[in-house]
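A.B. asks: The chain contents come next:
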Amino acid sequence: MRYILKRLWFYILAFFGALALNFFLPRMMPGNPVQMFLSNLYKSGGVVDNATIAAVEKLFGYDTHTPIILAFFNYVANIFKGNWGVSFTFYPQTVIEATGRGVRWTVFLLGTALILGFIINSLLGILVAWKRGSRLDTNLTVGGQIMANIPSVVIAIVLSITLAFTKIFPTGYAVTPLFFPENIFQYIGDVAYHAFLPVLAVIITGLGGIMGMRANMINQLGEDYIVMGIAKGVPDKKIMFGYGARNALLPVVTSLAMQIGFLLGGSLIVELVFNYPGLGQIMVMAISRRDYPLMEGILLMTTILMLSANFIADISILILDPRTRRQGVDGN
Amino acid sequence: MKKIWNSTIIRFFRNSPKTSIGVALVIIILLLTIGANIFTSIDPTNRFADEYHSSPSHTHLLGTTQLGIDVFAQTLFGGRVSILVGIFAGLITVFLGIIFGISSGYFGGWYDNIITTIINIIMVIPNIVLLLIVAALLDGVSPFLIGIIIGLTSWPWNARVLRAQTMSLRNREFVYSAETLGESKLRILFMEIMPNMLSIISSAFVSTIIYAITACATLEFIGFGDPLSVTWGIMLFNANKSGALTSGAWWELLGPISGIVLFGAGLTLINFSIDEVSNPKLKAQRIMRAYYKVKKIQAKSMKKLSLNNTMGRKSA
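Chains as they are written, first to last, in the numbering used here: chain W, 16 to 347; chain F, 80 to 395.
Take the hints with a grain of salt, since some may be wrong.
Unchecked claim - The calculated lysine to aspartate or glutamate pairs, modelled on DMTMM-like cross-linking and capped at a C-alpha distance of 20 Å, are: (1) W:Lys-252 x W:Glu-238; (2) F:Lys-264 x F:Asp-191; (3) W:Lys-252 x W:Asp-239; (4) W:Lys-21 x F:Asp-305; (5) F:Lys-375 x W:Glu-72; (6) F:Lys-375 x F:Glu-355; (7) W:Lys-58 x W:Glu-72; (8) F:Lys-374 x W:Glu-72; (9) W:Lys-146 x F:Asp-305; (10) W:Lys-146 x W:Glu-238; (11) W:Lys-21 x W:Asp-239; (12) F:Lys-97 x F:Asp-305; (13) W:Lys-252 x W:Glu-112; (14) F:Lys-372 x W:Asp-239; (15) F:Lys-97 x W:Asp-152; (16) W:Lys-253 x W:Asp-336; (17) W:Lys-253 x W:Asp-239; (18) W:Lys-146 x W:Asp-239.
What the hints assert, rightly or not - Chain F stretches covered by chain W per the calculated footprint, using a threshold of three residues with CB under 8 Å from any CB of chain W: (19) 171-177; (20) 194-202; (21) 300-313; (22) 330-343.
Hints in this document: simulated from the structure, not taken from any laboratory. Cβ coordinates follow ideal geometry from the N, Cα and C atoms, glycine included.
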């Protein structure tokens with residue numbers, strides 16, 4: 016229990032750190048969003064007088080009359096009240112509505128890719144550690160690592176050209192437009208059909224996890240209980256999965272939590288190439304139109320996603336490893 | 080000739096195919112990009128107004144883009160900028176990572192706590208999103224500014240690894256003896272602790288170069304680079320904007336993609352061999368394979384021996 020509280024405290028601290036970064040970063044950069052907005056307004060023939068300037072400054076929170084600490088506290092209060100600002104590109108939708116539309120699909124894409132990728136990485140890692148030294152081991156390890164180092168942009172483009180061009184898989188969108196499914200199975204089938212390529216791209220980007228799993232398994236294979244199991248005559252598969260993998264899985268879950276940020280970035284790019292309506296598209300639209308409230312909202316939203324994914328990983332370690340549960344009782 | 084063939088360096092390359100392929104790939108690509116003037120005589124910004132979007136021919140080895148610019152020339156000249164940006168970002172990242180990681184691991188205390196908190200907070204925010212927002216706030220950046228930004232946002236990853244390693248090295252006897260002798264802290268840090276971590280540092284440097292080239296290409300693909308420069312990322316960006324994906328102009332994408340993939344693959348293979356050299360236990364693959372081969376030959380000969388004996392024939 017104490018473990019969960021300690022992690023929760025760290026996550027709250029990290030969230031406040033992200034809030035501070037979000038607030039102070041634009042103010043430290045050269046160039047003022049207020050001036051940019053006003054120059055756009057002037058160029059498009061709007062009226063720019065003192066009242067407009069004051070109103071725009073208040074809208075952005077760049078009010079030059081209030082001291083910056085007060086502005087920061089106002090900002091934090093607004094965040095917790097749910098007032099994340101109004102976006103320009105999707106005027107008059109608020110930032111929460113605009114990001115909420117995209118978060119659903121991004122969570123679906125990322126969640127599926129994470130779970131499938133974790134299963135594939137673990138299975139391949141176990142296989143490769145068991146047969147270490149063989150040619151299969153070398154090929155899979157080196158091949159997996161090379162593919163994981165290729166940027167997600169390139170993988171998405173290559174997949175798009177090879178598989179989508181030949182019309183096997185669709186080139187974009189999450190569901191076929193203007194398609195009204197009659198029952199839920201058709202809907203699920205349609206979604207899966209469109210999601211296949213993006214999920215595959217994100218999984219390929221994450222193949223670097225094989226090395227971690229393999230290293231952990233090799234460490235475990237030298238332990239005494241494995242030798243005892245072989246001596247007792249336990250079948251090979253049972254030793255692999257029941258004895259070795261169960262212990263090797265835990266550091267892999269921890270490193271998965273760290274890898275989630277990297278995969279999130281990759282999935283945003285994949286969404287861009289495949290025209291998937293997730294956070295990636297909204298982010299690029301926001302950035303190209305210099306929509307600062309929306310950009311800050313997306314940064315906060317991705318940070319919240321990362322923190323909750325890390326939290327879920329911590330809780331799953333607690334569930335998977337009884338030793339962490341007993342920490343408070345034994346007093347170590 | 081035989082003496083050269085058997086010398087230690089050449090034997091090292093002969094024994095591990097991974098290293099030789101990796102080093103060969105990297106050297107070939109470096110030669111192609113640095114000596115771009117030798118391999119192609121076409122200027123990468125020259126537009127051939129009557130030959131736009133043509134497929135590969137012998138005047139244009141990889142065809143031309145939508146604007147009529149030769150793809151092969153762009154790949155070679157653009158590789159210079161991309162690779163330089165990668166190396167530059169890698170240097171900044173490793174430099175910052177060494178300073179913060181080793182110092183926080185060695186000194187400990189409140190300094191360590193502050194740096195660890197900063198590292199954890201920066202690691203929690205997804206890297207690409209942070210890069211994008213900083214690039215957006217600076218309103219379109221040149222490749223070297225991208226390199227600096229990548230360096231400033233990626234050092235926590237290296238710093239964490241170096242800190243862990245420093246903390247484990249700190250309790251060894253040679254560090255204690257150096258402290259007792261009264262050596263200055265700076266000297267201990269750089270002459271005693273850092274040389275033991277050179278393998279990790281160089282492996283992290285190579286990984287960061289790969290990551291920096293990736294991140295630079297990604298940023299430029301989204302549209303944040305300087306559209307007037309010639310790099311691999313900008314080539315992908317132009318290809319996307321001119322619809323090469325939908326119109327089937329595969330040659331336009333082949334140049335930058337093969338550049339990124341081959342260079343990344345070469346650097347990854349070099350990374351593997353750095354790991355093997357520093358941690359000889361990893362050479363297990365080759366040793367085990369040789370071991371299995373010997374056992375197989377032995378088993379085969381044993382079987383032949385026993386077969387001949389049971390059949391009553393004398394062994395050959």
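A.B. asks: Determine for every hint whether it applies to the structure shown.
C.D. replies: These are the hints, each one checked on the structure:
Proximity of W:Lys-252 to W:Glu-238 is assessed by CA-CA distance (about 17 Å); at most 20 Å being required, the pair is judged to hold. Restraint check for F:Lys-264 and F:Asp-191: the C-alpha separation of about 16 Å stays at or below 20 Å, so the hint holds. Between the alpha carbons of W:Lys-252 and W:Asp-239 the distance comes to roughly 17 Å, so the proposed pair stays at or under 20 Å and holds. For the suggested pair W:Lys-21 and F:Asp-305, the alpha carbons sit about 45 Å apart, so the restraint of at most 20 Å is broken.
Among the hinted pairs, F:Lys-375 with W:Glu-72 is inconsistent with the structure: their alpha-carbon atoms are about 78 Å apart, more than 20 Å. Using a Cα cut-off of 20 Å, the hinted pair F:Lys-375 and F:Glu-355 is violated, with the two alpha carbons roughly 26 Å apart. Distance check on the hinted pair: W:Lys-58 and W:Glu-72 sit about 18 Å apart at the alpha-carbon level, within 20 Å; holds. Taking the CA atoms of F:Lys-374 and W:Glu-72, the gap is about 78 Å. The hint is violated against a cut of 20 Å.
Taking the CA atoms of W:Lys-146 and F:Asp-305, the gap is about 48 Å. The hint is violated against a cut of 20 Å. Taking the CA atoms of W:Lys-146 and W:Glu-238, the gap is about 17 Å. The hint holds against a cut of 20 Å. Using a Cα cut-off of 20 Å, the hinted pair W:Lys-21 and W:Asp-239 is violated, with the two alpha carbons roughly 33 Å apart. Distance restraint check for F:Lys-97 and F:Asp-305: the Cα-Cα separation of roughly 36 Å exceeds the 20 Å cut-off, and the hinted pair is therefore not satisfied.
For the suggested pair W:Lys-252 and W:Glu-112, the alpha carbons sit about 50 Å apart, so the restraint of at most 20 Å is broken. This hinted pair does not check out: F:Lys-372 and W:Asp-239 have alpha carbons roughly 27 Å apart, beyond 20 Å. Between F:Lys-97 and W:Asp-152 the CA atoms are separated by roughly 14 Å; this keeps the pair inside 20 Å, and the hint holds. Only pairs whose Cα atoms come within 20 Å are accepted, and W:Lys-253 paired with W:Asp-336 is accepted, the gap being roughly 19 Å.
A hinted pair counts as satisfied when its Cα atoms are at most 20 Å apart, and W:Lys-253 with W:Asp-239 qualifies at roughly 16 Å. Of the pairs offered as hints, the one joining W:Lys-146 and W:Asp-239 holds, with about 19 Å between alpha carbons and a cut-off of 20 Å not exceeded. Here the segment 171-177 of chain F counts 0 residues with a CB under 8 Å from a CB of chain W, which misses the bar of 3, and the coverage is violated. Counting residues of the segment 194-202 of chain F whose CB lies closer than 8 Å to any CB of chain W gives 4, so the stated coverage by that chain holds, three being the minimum.
Counting residues of the segment 300-313 of chain F whose C-beta lies closer than 8 Å to any C-beta of chain W gives 4; at least three are required, and the coverage claim holds. Coverage of the segment 330-343 of chain F by chain W holds. Counting CB-CB distances below 8 Å, 5 residues qualify, and the rule asks for three or more.
Of the hints listed earlier, those the structure fails to meet are numbers 4, 5, 6, 8, 9, 11, 12, 13, 14, 19, in rising order.
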